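A.B. asks: Sequence:
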Amino acid sequence: MASLSSIIFGRNYLTNSVLLFLCVLAFIYVVLMRKPSLNNSPFDDITNFEAEIENPKHARVVAYKHRNRIEDKKLTETTSIDESVAPPIAEKKNVEHYREIWLWADAKITRDDLIPGDEAGVDVVLNALATAPITHVGLLDIGSYESGTSQKWIIFLEGGQQAMMKLVWQPEEKGFEKRDGACNFGFESPTSEIAAFHLHRILDFHNTPYVTGRKVKLSDIQAVSSPQVNKQFVRKGEKLCVVGGCYYCKGETTLCPSDGIVEVSIAYWVHRHLKLYTFPPKYMPFSTPRRDEWSKYGFNNDTYCKEVRKIPPYSSDWYYHDLFDFSLVDTIMHHYDSKHYVIHDHSKAHGLTVRLDHGRTFCSLSLDEYDVFLVPITQCCKIRKKTWKTIENFEEGDISNRLKQSLKTDPIAPILLDAWYPVIERRLKKIKEVITKCADANGWDNVLVTA
Numbered sequence: 001m002a003s004l005s006s007i008i009f010g011r012n013y014l015t016n017s018v019l020l021f022l023c024v025l026a027f028i029y030v031v032l033m034r035k036p037s038l039n040n041s042p043f044d045d046i047t048n049f050e051a052e053i054e055n056p057k058h059a060r061v062v063a064y065k066h067r068n069r070i071e072d073k074k075l076t077e078t079t080s081i082d083e084s085v086a087p088p089i090a091e092k093k094n095v096e097h098y099r100e101i102w103l104w105a106d107a108k109i110t111r112d113d114l115i116p117g118d119e120a121g122v123d124v125v126l127n128a129l130a131t132a133p134i135t136h137v138g139l140l141d142i143g144s145y146e147s148g149t150s151q152k153w154i155i156f157l158e159g160g161q162q163a164m165m166k167l168v169w170q171p172e173e174k175g176f177e178k179r180d181g182a183c184n185f186g187f188e189s190p191t192s193e194i195a196a197f198h199l200h201r202i203l204d205f206h207n208t209p210y211v212t213g214r215k216v217k218l219s220d221i222q223a224v225s226s227p228q229v230n231k232q233f234v235r236k237g238e239k240l241c242v243v244g245g246c247y248y249c250k251g252e253t254t255l256c257p258s259d260g261i262v263e264v265s266i267a268y269w270v271h272r273h274l275k276l277y278t279f280p281p282k283y284m285p286f287s288t289p290r291r292d293e294w295s296k297y298g299f300n301n302d303t304y305c306k307e308v309r310k311i312p313p314y315s316s317d318w319y320y321h322d323l324f325d326f327s328l329v330d331t332i333m334h335h336y337d338s339k340h341y342v343i344h345d346h347s348k349a350h351g352l353t354v355r356l357d358h359g360r361t362f363c364s365l366s367l368d369e370y371d372v373f374l375v376p377i378t379q380c381c382k383i384r385k386k387t388w389k390t391i392e393n394f395e396e397g398d399i400s401n402r403l404k405q406s407l408k409t410d411p412i413a414p415i416l417l418d419a420w421y422p423v424i425e426r427r428l429k430k431i432k433e434v435i436t437k438c439a440d441a442n443g444w445d446n447v448l449v450t451a
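Quick note: the sequence shown uses full-length UniProt numbering, first residue 1, plus one each step.
Just so you know, these hints were derived from the structure itself, not from any lab. Heads up, some of the hints might be wrong.
Unchecked claim - Dumping the calculated SDA-like pairs for lysine to any residue here, alpha-carbon to alpha-carbon at most 20 Å:
| hint | residue 1 | residue 2 |
| --- | --- | --- |
| 1 | K306 | V375 |
| 2 | K429 | D371 |
| 3 | K429 | K339 |
| 4 | K404 | K385 |
| 5 | K231 | G245 |
| 6 | K310 | C381 |
| 7 | K339 | G351 |
| 8 | K385 | Y314 |
| 9 | K215 | N184 |
| 10 | K174 | C381 |
| 11 | K236 | R201 |
| 12 | K174 | D259 |
| 13 | K217 | E263 |
| 14 | K408 | R201 |
| 15 | K339 | I311 |
Unchecked claim - Pair by pair, the computed Cβ-Cβ distance ranges are:
| hint | residue 1 | residue 2 | range |
| --- | --- | --- | --- |
| 16 | C241 | H346 | 26 to 34 Å |
| 17 | E396 | C256 | 22 to 30 Å |
| 18 | T390 | N184 | 27 to 35 Å |
| 19 | K385 | C305 | 17 to 25 Å |
| 20 | N94 | E369 | 26 to 34 Å |
Values in this document were obtained by computation on a predicted structure and should not be read as measured data. Don't be surprised by glycine CBs; every beta carbon is placed ideally from N, CA and C.
Model the full assembly from the supplied sequences, consistent with the hints where possible.
C.D. replies: Next up, the structure:
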């Protein structure tokens, strides 16, 4: 017969084994089954956003499928921020203050607008982007390029909001046109990004994310940077410098500010799943290498208005009419890098057209190229009634004066050279002439659309 001690020991051993097994199962469930994931759960409502914004490790970053196929339709979501450097914990009152602002901005995203129209809250968000402490800096990973065609950093701001940061790599050329009007080459221009945001607001287009300028200390960036970003910092004597490059740049550029402060643009990161619709080369001259093909098959013939309706999503009147808004604003900005994004998820903003990435706008003072940018309007003779009413009300000097005054409020003003403002007036005048000519030939009822 087994002794009493052996029986007790055996029972304890069995009990302990069972308890250990149950603990392991519980741990696996908590860690693996309950971990929040931005990749699998788009922000359907503000409650989900409040839960996810607490986790600074997630970055909803777009990645192209292939470096040479920008026309790939779908943007994938990845977690590309290096997680080895944990963002510091700030005082709760500051976190809550900024967190409320980010939640407000997210709640205002609807099917009709990315940002609200005339609400003072827009300026509050811009101020927060320009002042909220930066808690983490990582390198934006887009496909085979480390940062697309130009250096971009993804940052976390106090309160959990993400944003895109672009450095002013050539401060001496800030607000100038690109050398020789070469829009697609060299670094992107953060000031162009800022000017484009303000122009969209003035034209009553509310589908461009908040963008503001900001001055930051390189040492502050380095202190919270990922290992990838940290590799870009070097010292030259007593100066802290940052080294960067771009796909269309000749070699690397080293920026060594004498006071240790750099100017940047900060663009609000849209916490939604975005789908990219990019047109076949023969229907939209988005880049210089495609110009030859475009000139043979694109806007220079009379097929565009019919053929483009066969390309998703332009069978829909709404997205088809977006093309004419694009044509108008891209003419004013001289924008070859135009892209059409649509929010594609289960949120209340599903279907909203979003305009992103304007770092290559305002690149040429002398080249208007109406035969490129205005042909969607000249061939199809369509424009939204709302858009026409907006520009019709601008008298000579109005749009440039409003833009000039608006840009004065930016933290890194001046944003554009004064030489840009008569150019903007010239281009808007041409747009109005083209639309009026369409109406004279076809009647306003056939030109103005409401969808």
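A.B. asks: Now look at each hint and say whether the structure bears it out.
C.D. replies: A quick look at each hint next to the structure:
no., hint, result
1, K306 to V375, "holds, 13 Å"
2, K429 to D371, "holds, 15 Å"
3, K429 to K339, "violated, 25 Å"
4, K404 to K385, "violated, 26 Å"
5, K231 to G245, "holds, 13 Å"
6, K310 to C381, "holds, 18 Å"
7, K339 to G351, "holds, 15 Å"
8, K385 to Y314, "holds, 19 Å"
9, K215 to N184, "violated, 26 Å"
10, K174 to C381, "violated, 37 Å"
11, K236 to R201, "violated, 42 Å"
12, K174 to D259, "holds, 18 Å"
13, K217 to E263, "holds, 9 Å"
14, K408 to R201, "holds, 15 Å"
15, K339 to I311, "holds, 15 Å"
16, C241 to H346: 26 to 34 Å, "violated, 46 Å"
17, E396 to C256: 22 to 30 Å, "violated, 44 Å"
18, T390 to N184: 27 to 35 Å, "holds, 29 Å"
19, K385 to C305: 17 to 25 Å, "holds, 18 Å"
20, N94 to E369: 26 to 34 Å, "violated, 47 Å"
Of the numbered hints given earlier, the model fails hints 3, 4, 9, 10, 11, 16, 17, 20; all others are met.
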